[in-house]
Each structure stands twice: as structure tokens, then as C-alpha cells.
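Start from chain A and add chain B according to the hints.
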Amino acid sequence: MAEIIMREAIARGLREALDKDERAFIMGEDVGAYQGAYAVTKGFFEKYGPERVRDTPIAEGVMVGAGVGAAMAGQRPIVEIMTINFLLLGIDQVVNHAAKLRYMSNGQLEVPLIIRTVTGGGAQLAATHSQSFEGWFASVPGIKVAIPSDPYDALGLFRSALDERDPVIFAEHALLYGFKGEVPDAPYKVPFGQAAVKREGKDITLVAYGRMVHVAQNAAKLFAEMGKQAEVIDVRTLRPLDLDTIVKSVKKTNRCIVVEEVWETGGFGSWIAQSVQEAAFDDLDGPVGHVGGLDVPAPYNGVLEAAAIPDAKRVLQKAKELFGM
Amino acid sequence: MATELTMPQMGYDMQEGTLVRWLKREGAEVKVGDAIAEIETDKAVVEFEASEAGVLNKLLVAEGTSVPVGKPIAIIGAPGEKVTAPAAAPAPAPAANGKGAPASSPKRPPEAVEARQEPVTAPAPADDHAAAPGEVRASPVARKLADEMGIDLSKIKGTGPGGRITRDDVMAADKSKAAKTETKAEPQKPAEATARLAAPAPAAPKKEAPAAEHAPAPAAKPGEKVPLSKMRQQIARVTTKSKQEIPHFYVTAEIDMTEAMKLRKQINASLESEGIKISVNDLIIKACVGALRKIPNLNSSYTGDAIQNHPSINIGIAIAMEDGLIMPAIMDCAGKTLAQISQASKDLITRAQKGTLHAQEYTGGTFSISNMGMFEVTNFAAIIQPPQAGVLAVGTVMKKPVVRNDQVVIAETMNATLSVDHRVSDGAEGAKFIVEVKKDLENPLSLLV
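Sequence lines, in order, name chains A and B.
This note's numbering puts the first residue of the first sequence at 141, with every later residue one more than the last.
This note's numbering puts the first residue of the second sequence at 13, with every later residue one more than the last.
Keep in mind that the hints were calculated from the coordinates and are not lab data.
Just so we're clear, the structure is a prediction, and the values are computed from it rather than from any experiment.
Even for Gly, the Cβ is constructed at its ideal location relative to N, Cα and C.
Please note: incorrect hints may appear among the correct ones.
What the hints assert, rightly or not - Below, computed lysine-lysine pairings styled on PhoX-like, alpha-carbon distance capped at 20 Å:
| no. | chain 1 | residue 1 | chain 2 | residue 2 |
| --- | --- | --- | --- | --- |
| 1 | B | Lys411 | B | Lys450 |
| 2 | B | Lys451 | B | Lys274 |
| 3 | A | Lys453 | A | Lys361 |
| 4 | B | Lys156 | A | Lys342 |
| 5 | B | Lys358 | B | Lys289 |
| 6 | A | Lys391 | B | Lys156 |
| 7 | B | Lys156 | A | Lys388 |
| 8 | A | Lys392 | B | Lys156 |
| 9 | B | Lys306 | B | Lys450 |
| 10 | A | Lys368 | A | Lys388 |
| 11 | A | Lys368 | A | Lys458 |
| 12 | B | Lys348 | B | Lys306 |
| 13 | A | Lys458 | A | Lys342 |
| 14 | A | Lys460 | B | Lys169 |
| 15 | A | Lys338 | A | Lys388 |
Claimed, not checked - Pulled from the structure, derived: some chain A residues nowhere near chain B, Cβ distances all over 10 Å:
| no. | residue |
| --- | --- |
| 16 | Ala326 |
| 17 | Val337 |
| 18 | Glu340 |
Just chain B, with the same shape it has in the complex:
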């Protein structure tokens, strides 16, 4: 049985993606996990993997086409299976490489009317109000009813003014349809597999900027106005939403990193032969994981009517890119050793720069860390990445006189500021969390057990 593969949501707030390149041809056999296409999101180009095994029956969109999240892009079926149910493919847009989209079906599919209501966002004729030849004129309620009843409006004759299909026409068509014995095959449901990617429900796909804006922004000259890159737009959207909707509060602590720095040196010296190098950030990740295990409430999301606690701890790390920043997550940190976290973190950074992150890594973070240690800053506060409940901002580790046993001594210290969603948690819990992190980092052996 054929399954539709749909445009996945590969980032919080992602509304559409561009199918850059098909990696498999029509008719190719694929296994679960095989990369079948490259998809460009707001952030990067990522590989799209098959969620079902079978034969790629149809590629529904041309390379270079922008497709709203959730719309079908390909049909996968059993070997040799014929595609019977025409899929609601978005109208193919002119492809950048001049290659047309594979024709989906010679007959007008039942959902064609629906598809027309949501124009594809790729370069399209400017006036989308212009009536297409053979356009169906139907009142809003007629469209709604037809949609609910699964009636093809193009097959109904409208009796309203100007031939408009009215409520009564649809009701009458429904009666005559019910009278007929033959039933049509139900259209295929979108692949279940994409459900796992469903981050907070995206807003209805909006009209997006034309493809020209995918081009990297030119370097700004003084006084010049530079159009926003896709990534900049995305960052603007998410951070604005976060600051407007999430009541942030902040808790700061100074952490004595002297012991942690010593330990790190020892570990790195002993593991040098194995090629493992623990970074300060890895220690902080490990400390955060420990603190989140003790205070699971901060590993959660505010859902409007409840607090959703997450089953696994996935630590997002802020990675600065050429024209912005992304926050992919190291999945399932609770069971990972310091060395494993270190490796996972390195792998994530490498793949982020290559643009081969998995969709889940974009959306699956449950708590984040933003480290500006390399910039010699002492303090900063980070903006929470929705729908997470917290983010820890850490500054540079630097030598400083501190008082220990009433003596002024030199220590290596670091400031950490926790931003918390006040809808989920309160100051005391935030303080408890940061004290846990501090305790672990100041007694770093605990990070090894």
C-alpha cells in the first residue's frame, strides 16, 4: 500500500522547505533511513530519510520547489505497485533547473480545489486572485462542507448567482452521492512517520519570501539596507516569539572552575592517545544533565494547560554559524558518559557546519546551553528556545581573586546565568538548579561517576 512522504517540520516554526535535490530516482528501491532527498530549511540543507521501505513510486515535486510543511512530496509503495490514489500534490512550480515536475495524475485530483486555496510559495504568478481556467466558484460554506463530506466541487453545478456553488448544491450532491453504490478509494493519509517530527503545531503555511531571498546577504556597506537572510528571519521570529510569550526570569551564580579545569587537563592528558578531548562545555553539559535529573521540572515544556515533562534529556547547544546561529540538541544525554557527550557534541558541531543534521536534532532539544566562553565575556542572559523551559548562559573561565577560608587566593571562575520560563518554574527551583550545576562543577569528580 502506498504511503505519502510529506515535507517534515525540521525546526521550530519551520513553515516550508525547498526540495533541493532528489537523491533517488522514481522506481528506486529504498530502505528505512535511506536518504532520498536534500531539503533546504530556514537553517541548512538536510537529508530527508525514507520512513518506509519500498519503491519510490512517484516524486511529486520538482527540484528547487518550495513546499509547505505537511504537504506530500513523494509516494512510496510496494515494489511494482501502481499509484492509484492521486495525491494532493502542490502544483509544481517552475524549477530552477528547468526540469518540470512529474505529472501527478492526468485527471484533476479531488483535492485540487483545496490545493488551489493554498498557493504554493515558490516563484508564482504575482496575482493569485486571477481566476484560473475552469476555476470552481463556490461559497465559503460550500467549500467547507464539500471538504468535510469529501465531495469534488468541480463536479457540481452551481445554482447561485454567477454559477456559484452554494450550500444547498453541496447538500444535494451529497444526497445523490450517498445514493450511488460505488465508492471511491479514500485518499491516502500523510505518512505517520512524520508525526514524530511534529514540534508545536506550526501556524498555517504563510506566504514566504521569493526564492531570491535564499541568496546569502551581501556584506553591508555603511548606510545600506541589507535584506534579511532566511536564517535571520527565523531567528527574528523565534526570539521575538520567545521574549513576547515566555516570561523569563534569571538566576546567576559564580562557579569556581579551578578543580574542573584541573580535572579536564588530567583527563585530556590520559585520553590523548584515544583522540578524545573534553571541552569545558562538555563538563557544563554533563553538570546540567545531572541537575536536570534531580530537577526534572526544568526538562519540560509549557503547553498552555499543562506542563509536559520530557522522557529524555536532550541538551541543545548554541552553535554560531556564518550568518546566524542554530541550537541543535544532543539526544538522550541522561545515559551518556562524559566521553560520549564530548563525542556527540563534536559530531553535532561538525554536522551542523556541513548541514547534515537530522530533523529530530533541530526540534528535539529539551534544555539548552549557550556558551560565550571563547569571547571573554563575563555575563550574559540567553533567550529561551521555545518550547523549552530553560537555557543556561555561561561566560568565560577567568582567573580572579576569591576568598577561600578567609584567605584571598587566585581561582578560575565562571559566571552562569539560567533563564527560566516562569510559567513552568519559580525562582527557588531555578536557584536549586544552578546550585546543583555549581556543586557538580566545583566537585568535578562527581561528573565522572
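Chain A on its own, in the form it takes in the complex:
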């Protein structure tokens, strides 16, 4: 078992994909000669060549559309969209085509397309480069959305994504590429639709995904100083969503706060919160809380940006408001 960073875990998954299946190929802006905007495909161009690691023009709609077509034609395309902010240009291809072709063709077509993309803020990239849209895509039936929070999950979820016969949005948080974690050498997978209890506790359940799992972990440490034990749940895939694990935890702790980075208004976490409220009402000691990003375009200023993104203190503040903790 070796400690590696998340960038390396994803690169390992990509290499496995290209080695194992000759139908698999990568395409995206700067994935080839430039070796990846986030250096995930470093060395790929030399090893696999321009046919399988294809540089594309700056045209996200075309890239996703070509990916959909290639997947329909029996290839295993992995499209890298430099950031999820740019995926808005390909959203028609995702929502109206990739998501629906199986349904509209009565199962005759399938779209085993993986869209790898980078999500989240915190790197002072300003309003148009700091958003978290994975929840938008997770609201579309037909799409699966995975969002790892550590190297182990990144590799395990990516292996599961390769097995999928339906389009997968694989959202990697920009600030987690350097996050270190243990990854076994032996083969393993992290199945879709299985949330992980990343920390056990009996007093409050904190539900999060992506980088917010770490914010929840930090909050749990602060709770521990107050003598309270927080349970941290990483949902890992937004769709399929593993509500059972969350509800089981809430029945134990009686309190729940969902933490996510996207704007608080209409966030996917609101849907999780509502589902928990419905499933565990009689076990709740107060309303299900939801902590999200402030409803402002991401500020460029570092101090302001940090203030707009949820942190452990805001989670504690919410717990105090709702539960008097």
C-alpha cells in the first residue's frame, strides 16, 4: 500500500483504461502535447500517441458531441473538459443527447462516455472559473455523477466509471489534486451508489462530497473539542445517491447537516436534505441543515473567496442555530 496524490490516482486509472481496452481514448484541450492543464495526462502523449490522446480545439460542444458519437459507435471515449465551467458549452450534448439516447432508442443505443472535469473554487480563478455544477448534472436522469474526495476513491470510482454503460460525469476538485492518501496495489473498485462513512460519531451527521468532505472532517474535529462526535458521510456519487447510508446515520445521531460548495440556493444538497427529512422525520432533533456557498459570483479576492465557500466554522454555527449544539 503506497501513499499517492489524487492526480496520480486518476492518471493510474486512465493508464489502466488505455492499456486494458484499445477502444479507449482520451480527448480534450491540452491533454496531449501540453500534458494536461492539471498535469494529469503527463507522459501520455509520448506513450500512447496522438490517436489515443487527442488534442482538440477549444469547442466543448463539439468535444462532448464527438464523445457521444464515438461512444455510440462502440468506442470508449474519455473526454476531458478543462473545468466544469466550460461544460456549460457542452450541456446540450450531455443533457439532451448523452443522457437520453438509451431511453429514446429503446435501449438499442448506449453511451459509455466518461467526461472528466474539474470542479470547485478556492484557487482565486474568479467568477467564471470557480463554480461547482456537478449537482446540476446529477439532477438529470440518465447521467451518473461521481465526485471523489481522496485518492483511494478517485481510483476506485474511476474503475467503476469504466464499467459503466451510461454517461458519467467524473468531477475532480481542483484543490484536491495534491491531496495524499493510501491506495492499495491490489485491484479494487469503489461501486457507484455507495456512500462512505469517513468518520464515525453519534451526535450529528455531516453529509458532504468532494472537497467539502474535508471541511466536514475539520468541523468534526471542532465538535470533538466540544465533546461531541460528528459522523462524516461522503456520498461519493450524487447519482446514484446512497440515501440509505445517510438515513441510517441520521437515525443514530438524530441531527443532520448537508455541506456543499455550490451556491446555497437550489444546491443538490438541498435535495439530499429534503430526502433525509422525509425518510427520518421522526428521528430528527431539529430541521435538516444545509450549508452551501454564499449566493454571490465567486470573488477573485482571496479573502472574499474564502468567505464565500463553506468552512468548518459555518458548519458549527449552523449546528448551534438548529440544534443548540
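Relative to chain A, chain B alone:
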């Protein structure tokens, strides 16, 4: 020792009943079986009988009040006994006759919080979210825990936001309660006697229509919308549930009734002096009882994980009422002679029209017969009355040319269609049943032995 009498379930799917009139006063001595109140169900007004002997210590609800099934309506105790355990009486609603409900206890009973969660369905203030004075604010889990631990939430001080009682407050109260040596008397359990009435578990009492809907529906004018009567609502509910949940299949046979009609004439002629008159339906009931004894599987209920065979054969008969229909049952038909069945059937019809049926007769049916013979219909299929497994629909007996020994002759025939719950039985068994009925009716002497 005092016992609570609770609102019985007097019909499949009955969720509440209205206490129309008390027939005994507080303090009156009652024997088991004494009628103590009149209760209006979805179908009719029925007498409520005491299931215990003793003194009526307290009447907990006012006349005219609607009470959910299972809620206490009166306390019966030994003569002179004081009522110590306050009962979880539903909050008295304004009575139609202006008489208030007897005050149950000056002190707020421990279950008061619970009672508030299920508002009484009688005419009540429109906004049940409005906080009552002195309302207890507690989280859902705090309420659940307090309920499980038997803790009175009104005695706990909440430490949560806005004074909300939280899980931890209840846990702390439980600890301090355990520390105290004095224990309180347990609240009385609802009377066991009502258990016998327990048909399939009713859904949690739902909000029902206000009392105004008890009024008979006015005659419909063209284009007019007529609100559903209670009975119509009930029929709509039960038949919809039956058709949605029970996979019905149907088996039809033509039965030659010539011999049965002859026999009936003979019997009626000979018994005229005794005032007994056998109807065609009585013959059909008797034939069905015989068939059910041979094929007991059809005298059963599907319970989800098993088939519950019933120990007695109770034949429900569909009785058309002014604004709907009811299906009370003749209890324990297996041991009854044709004459006894005939009498029981007449008695049932008379009492159905007077509204003095017993609760058990509403719920206890195990198989039913629906007869439309009087309407000159040849065929129809009936909807099974849950939780029964079958119903036989019979049409008119009419003269018809039939082939007997290769000769066309005139015979009196009748069509019968059996509806069966496919979860309980299959086509072959249904066919076997209807053939048994046919055999008995075509050789009617067998019905007499």
C-alpha cells in the same frame, strides 16, 4: 379495576365513528352485552355493547362527537371505584346538542401531547397548526423517545433553540425520573374486548369530512355535482382497494334450477304454517356452505405472507340500501340447517335496514354472495370484499330451452359467476367450487341433509 372502552372498528376500513347517543348514564350498572351507546359508522347506526360488567365510571366523549377507531370513549369499573388513571380522551369537540363532554381530569393527562398530535376529526378549528396556549415544543425524536419512555414532555424544560425539547433533554429527564423512587400508575390499556373486532389493521385515522357530509345527499339534478355520502365514500374506498390489490379471476357456470325451484315450492308449502319461507338465495347460501366445507381454501384470507384459513364459515350477503350497499354476514353457517339459514338471513336483512347490526356481522364475513335475481339480469361479476377470498354473483332464474338427453326441453336456469382472489386460489379450484354449488343446486335434496 377500571377498563377503557374504545371506539370499535365496525367495518372493514372504518376509521372513525360518531357517538350519536349514550344509552346509559354515568354511574349506571351494566352487564356484558348491554347496549350503552349508539354509534354511527360509515354505514349505519349500531348499538355499542359493554364488553365488561361493572359501573360506567366515566363517559369520555360528548354525544355527536366523532372518535377515531381505538380511542377510548368510556371507562367501566367496579361499583363505586374511583377513576384514578386519567384516560387519553380525545379532546371533546363541540357537541351538536350543545352539551359539553364530561371533563376527564382537571390535571393535564400524560398523553395529552400525544392526543394533540392526532386532532379529533369532529368540527374543529380550521387551523390545527396554530399553537395552543402552553403548547409543548419538542423535536420529532424527542417526542418519540418521550413516548417510548413514558415521559411527560410538558414537565420538561427544553434547552434547544426557542425552548425546543431535544433528544438530550428527554434523556436527562429519563435519568432523573429513574432516580426517583416513586412510580406512577401505568395508564390503562385499551379494553381487550375490542380486539375481537380487529379486522385487518386500519390505516392511521385520517382526517375525515366534516359532519355536514353526514347529511343525506340531495337528489341529483341534471348537471349538478352531488357530494358523496359517507356510505358512497366507503364503497368507493373498499371497491377501489379491492380491485387494485386483489387479482380477481372469474368462473361462470349455468345452473339448472328446475329441481331446486320445485323443492323450494314443496318446502314452503309444508312450512307455511310455521311461517318459514325459503328463498332462492337461502338455497344458494346452503350450497355455497357445502362447497366451502369441501374446498376450505376459498374460506380464507390472503395476509401477505400466508393464507389464513377461517375456522367458521360466515356468509356475507349483499344488501341494497337506500344510498348504497352493505355486506353483513350470517355467522357460523356450517352448522345451520336450511331453515336456520333462512331465518338468519331474514333477521340480518331486517336488522340491516333498522341499523342494528352487530359489529362482528360487518367484519366477520369469510365469503360472500351477491344476488341480482330480482333485477332480471343474466350475468354479472362481483367485486371481492376484502379480506375475503371470493364472492359468488348470481343472476335471475329464468325459463330457457336446454338440451337434456338430446332433447330440447324447458328448464329454469341461472348463471352464477364466482370471483376469486388469485393470490389464494387458481382457476381449477374455482371451477371445482362452482361445480360443487351446481351439483348441490341441481340435486337439491342434498341441501336438506
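These are the hints, each one checked on the structure:
1. This hinted pair checks out: Lys411/B and Lys450/B have alpha carbons roughly 17 Å apart, not beyond 20 Å.
2. Straight-line distance between C-alpha atoms of Lys451/B and Lys274/B comes to about 16 Å, which keeps the hinted pair within the 20 Å bound.
3. Taken as a hint, the Lys453/A and Lys361/A pair is honoured in the structure, with Cα atoms around 11 Å apart against an allowance of 20 Å.
4. For the hint pairing Lys156/B with Lys342/A, the CA-to-CA distance comes to about 18 Å; that is within 20 Å, so the pair holds.
5. Under the criterion of a C-alpha separation no larger than 20 Å, the hint pairing Lys358/B with Lys289/B is consistent with the structure, at around 10 Å.
6. The straight-line distance between the Cα atoms of Lys391/A and Lys156/B is roughly 12 Å, inside the 20 Å bound, and the hint therefore holds.
7. The straight-line distance between the Cα atoms of Lys156/B and Lys388/A is roughly 17 Å, inside the 20 Å bound, and the hint therefore holds.
8. About 14 Å separates the Cα atoms of Lys392/A and Lys156/B, which keeps this hinted pair within 20 Å; it holds.
9. Only pairs whose Cα atoms come within 20 Å are accepted, and Lys306/B paired with Lys450/B is accepted, the gap being roughly 14 Å.
10. Between Lys368/A and Lys388/A the CA atoms are separated by roughly 19 Å; this keeps the pair inside 20 Å, and the hint holds.
11. Distance restraint check for Lys368/A and Lys458/A: the Cα-Cα separation of roughly 15 Å lies within the 20 Å cut-off, and the hinted pair is therefore satisfied.
12. Note on Lys348/B and Lys306/B: the hinted pairing holds, with a Cα-Cα distance of about 16 Å set against a maximum of 20 Å.
13. Between the alpha carbons of Lys458/A and Lys342/A the distance comes to roughly 18 Å, so the proposed pair stays at or under 20 Å and holds.
14. For the given pair, Lys460/A sits about 18 Å from Lys169/B by alpha-carbon distance, which is consistent with the 20 Å threshold.
15. The straight-line distance between the Cα atoms of Lys338/A and Lys388/A is roughly 14 Å, inside the 20 Å bound, and the hint therefore holds.
16. Non-interface status of Ala326/A relative to chain B is upheld: no Cβ of that chain comes within 10 Å, the nearest being about 42 Å off.
17. In this structure Val337/A is separated from chain B by more than 10 Å, as the shortest Cβ-Cβ distance comes to about 20 Å.
18. No beta-carbon of chain B is positioned within 10 Å of the beta-carbon of Glu340/A; the least distance is around 18 Å.
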